[in-house]
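Could you build the full structure based on these sequences and the hints that come with them?
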Amino acid sequence: MKRPAGTVSRYTPGARANHWLNAIILILLALSGMALFHPALFFLTDLFGGGVWARILHPWMGVVLIFTFAGLFIRFCRYNIWNKTDTQWLNRIRDVLAARDENLPEVGRYNAGQKLVFWLMTIGIVALFLSGLVMWESQFGDVFSVEQKRIAAVVHATAAVVIIGVWIIHLYAAIWVKGSVRAMTRGTVTGGWAWKHHRKWLREEAAKGNK
Amino acid sequence: MATMQSLDIKRYSATTTASPSVRESVEVAKLIDVSRCIGCKACQAACLEWNDLREEVGINVGYYENPHDLTENSWTLMRYSEVEEPDGHLEWLIRKDGCMHCEDPGCLKACPAPGAIVQYSNGIVDFVSENCIGCGYCIKGCPFNIPRISQKDHKAYKCTLCSDRVAVGQAPACAKACPTQAISFGTKEDMTHWAEARIADLKERGYENAGLYDPQGVGGTHVMYVLKHADRPEIYANLPKEPKISGLVEAWKGWPKPFALAGLGLMALMGFMHYVTNGPNEVDDEDEEKGKRTLGQGDR
Chain X
1 MKRPAGTVSR
11 YTPGARANHW
21 LNAIILILLA
31 LSGMALFHPA
41 LFFLTDLFGG
51 GVWARILHPW
61 MGVVLIFTFA
71 GLFIRFCRYN
81 IWNKTDTQWL
91 NRIRDVLAAR
101 DENLPEVGRY
111 NAGQKLVFWL
121 MTIGIVALFL
131 SGLVMWESQF
141 GDVFSVEQKR
151 IAAVVHATAA
161 VVIIGVWIIH
171 LYAAIWVKGS
181 VRAMTRGTVT
191 GGWAWKHHRK
201 WLREEAAKGN
211 K
Chain W
1 MATMQSLDIK
11 RYSATTTASP
21 SVRESVEVAK
31 LIDVSRCIGC
41 KACQAACLEW
51 NDLREEVGIN
61 VGYYENPHDL
71 TENSWTLMRY
81 SEVEEPDGHL
91 EWLIRKDGCM
101 HCEDPGCLKA
111 CPAPGAIVQY
121 SNGIVDFVSE
131 NCIGCGYCIK
141 GCPFNIPRIS
151 QKDHKAYKCT
161 LCSDRVAVGQ
171 APACAKACPT
181 QAISFGTKED
191 MTHWAEARIA
201 DLKERGYENA
211 GLYDPQGVGG
221 THVMYVLKHA
231 DRPEIYANLP
241 KEPKISGLVE
251 AWKGWPKPFA
261 LAGLGLMALM
271 GFMHYVTNGP
281 NEVDDEDEEK
291 GKRTLGQGDR
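Chains X and W, in that order, are what the protein sequence lines are.
Under the working numbering, the first residue of the first sequence carries the number 1, and numbering increases by one thereafter.
Under the working numbering, the first residue of the second sequence carries the number 1, and numbering increases by one thereafter.
To be clear, the hints were calculated from the coordinates, so they are not data collected in a lab.
All figures in this text were calculated on a predicted structure; none of them were measured in a lab.
One thing to keep in mind: the hints can contain errors.
[What the hints assert, rightly or not] Mimicking DSS-like on lysine-lysine, the simulated pairs with C-alpha atoms at most 27 angstroms apart in a straight line are:
#, chain 1, residue 1, chain 2, residue 2
1, W, Lys-292, X, Lys-178
2, X, Lys-200, W, Lys-290
3, X, Lys-200, X, Lys-84
4, X, Lys-178, X, Lys-200
5, W, Lys-292, W, Lys-155
6, W, Lys-257, W, Lys-155
7, X, Lys-208, W, Lys-290
8, W, Lys-152, W, Lys-41
9, W, Lys-10, W, Lys-155
10, W, Lys-292, W, Lys-10
11, X, Lys-208, W, Lys-292
12, W, Lys-241, W, Lys-41
13, X, Lys-208, X, Lys-178
14, W, Lys-257, W, Lys-244
15, X, Lys-178, W, Lys-290
16, W, Lys-41, W, Lys-176
17, X, Lys-84, X, Lys-208
18, W, Lys-203, W, Lys-241
19, X, Lys-84, W, Lys-290
20, W, Lys-290, W, Lys-203
21, W, Lys-241, X, Lys-200
So, in structure tokens, the structure goes:
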């Protein structure tokens, strides 16, 4: 597919499809999970056909998520290795939030914030999946002890809160940093966006002839 | 308000506001005098019969419990313990197990479905099956390991203390059927007095540790035992000594939850505030120019 001049390819169609499938399932999981998280949110079960259906669907969606997320993990893991520049970047988080880019080190494909989102999502989703299996009464009700189920419930709720917090950061970053969303909707970003936010990556891509 | 005073509801699961509570009814209790029980299982049979339930025909594996555990059909179960005392004599202890109807019910605290578990103002804790979503949280909440989920309909079941009978002034079916009056039913106050007389009698007969099992860790219970060895309830088929709602369940269902929700709300608000105070992070023409130049260099 021909790209408009001055743009850089960031996500392949496969990566975009994988991301959005994961996003849809994660949002549905959050909604059905929040419904059982607190009485004030129980009304959300109506989105899934009532309380019983929310209880039935939620764990199965979790099973789907572990596959969609595994896809994302395999695709992006190698770009999310932590390095020294990431620590510098994170130490200047005030400059990041104030958009004083001149004080920040040159960033590769992902900045430290994005890497943290990646790893927290990974840890959180694995914790949710494993604790979810222990809580899954209709499938594993006889397998685990009551005490194990209690621990799982606490782990599940805690991990869910962390994940939703991370998701809020992820979503806000996409809204705040203009020009980011098109990377996941069209697959490309402008050269200017890459220059401003991921200069090191832009130089690497330019050297490879990605434009 | 419920139309019948005995069915006024004091607590609803997954409900954070107060229930109608201007009217308070008398608290009831079932008293199980273990020292009088002969282990005949009439209570088990009466429970199945009154509640119109059938238990599967089981197999004998060498002990008296039948069925082997509480099930979605068997809401009460005689548990038999053979205990050898230090002086060498054998005690055959029989305890009628089932829901204790806690004043502070862990099942109700854990339940996420509004109105699936209720506590009547007379103290009875009841599962309202049509509101049950089958998640099994009640199992995690219960300090006595009582609720069971049916594999047929995925609903939770347990003893209702015959709330339907109590509502019309009848004693629970098990109490009615007991041939030795080991099970009595009445107001909690009366049952406590009655227990005191029984305990005095047992003490006179040499059971100096006889006492009432009405554990305060769960706010007291509406099913109480008279135990010959109240100092060691665990010898009665693992009756917990100091039952209380697990700290894990308190953490899971207590203040951290609204706190976490408020935290998430605050995060979203901070994001919004950041946007309206700092404005969007936009790429300007100079960046675009430099980006274009960098990409152009790649050509060479």
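We went through each hint and held it up to the structure:
{"no.": "1", "hint": "Lys-292/W <-> Lys-178/X", "verdict": "18 angstroms, holds"}
{"no.": "2", "hint": "Lys-200/X <-> Lys-290/W", "verdict": "13 angstroms, holds"}
{"no.": "3", "hint": "Lys-200/X <-> Lys-84/X", "verdict": "14 angstroms, holds"}
{"no.": "4", "hint": "Lys-178/X <-> Lys-200/X", "verdict": "19 angstroms, holds"}
{"no.": "5", "hint": "Lys-292/W <-> Lys-155/W", "verdict": "64 angstroms, violated"}
{"no.": "6", "hint": "Lys-257/W <-> Lys-155/W", "verdict": "25 angstroms, holds"}
{"no.": "7", "hint": "Lys-208/X <-> Lys-290/W", "verdict": "18 angstroms, holds"}
{"no.": "8", "hint": "Lys-152/W <-> Lys-41/W", "verdict": "26 angstroms, holds"}
{"no.": "9", "hint": "Lys-10/W <-> Lys-155/W", "verdict": "23 angstroms, holds"}
{"no.": "10", "hint": "Lys-292/W <-> Lys-10/W", "verdict": "70 angstroms, violated"}
{"no.": "11", "hint": "Lys-208/X <-> Lys-292/W", "verdict": "15 angstroms, holds"}
{"no.": "12", "hint": "Lys-241/W <-> Lys-41/W", "verdict": "25 angstroms, holds"}
{"no.": "13", "hint": "Lys-208/X <-> Lys-178/X", "verdict": "25 angstroms, holds"}
{"no.": "14", "hint": "Lys-257/W <-> Lys-244/W", "verdict": "20 angstroms, holds"}
{"no.": "15", "hint": "Lys-178/X <-> Lys-290/W", "verdict": "17 angstroms, holds"}
{"no.": "16", "hint": "Lys-41/W <-> Lys-176/W", "verdict": "13 angstroms, holds"}
{"no.": "17", "hint": "Lys-84/X <-> Lys-208/X", "verdict": "24 angstroms, holds"}
{"no.": "18", "hint": "Lys-203/W <-> Lys-241/W", "verdict": "20 angstroms, holds"}
{"no.": "19", "hint": "Lys-84/X <-> Lys-290/W", "verdict": "26 angstroms, holds"}
{"no.": "20", "hint": "Lys-290/W <-> Lys-203/W", "verdict": "94 angstroms, violated"}
{"no.": "21", "hint": "Lys-241/W <-> Lys-200/X", "verdict": "65 angstroms, violated"}
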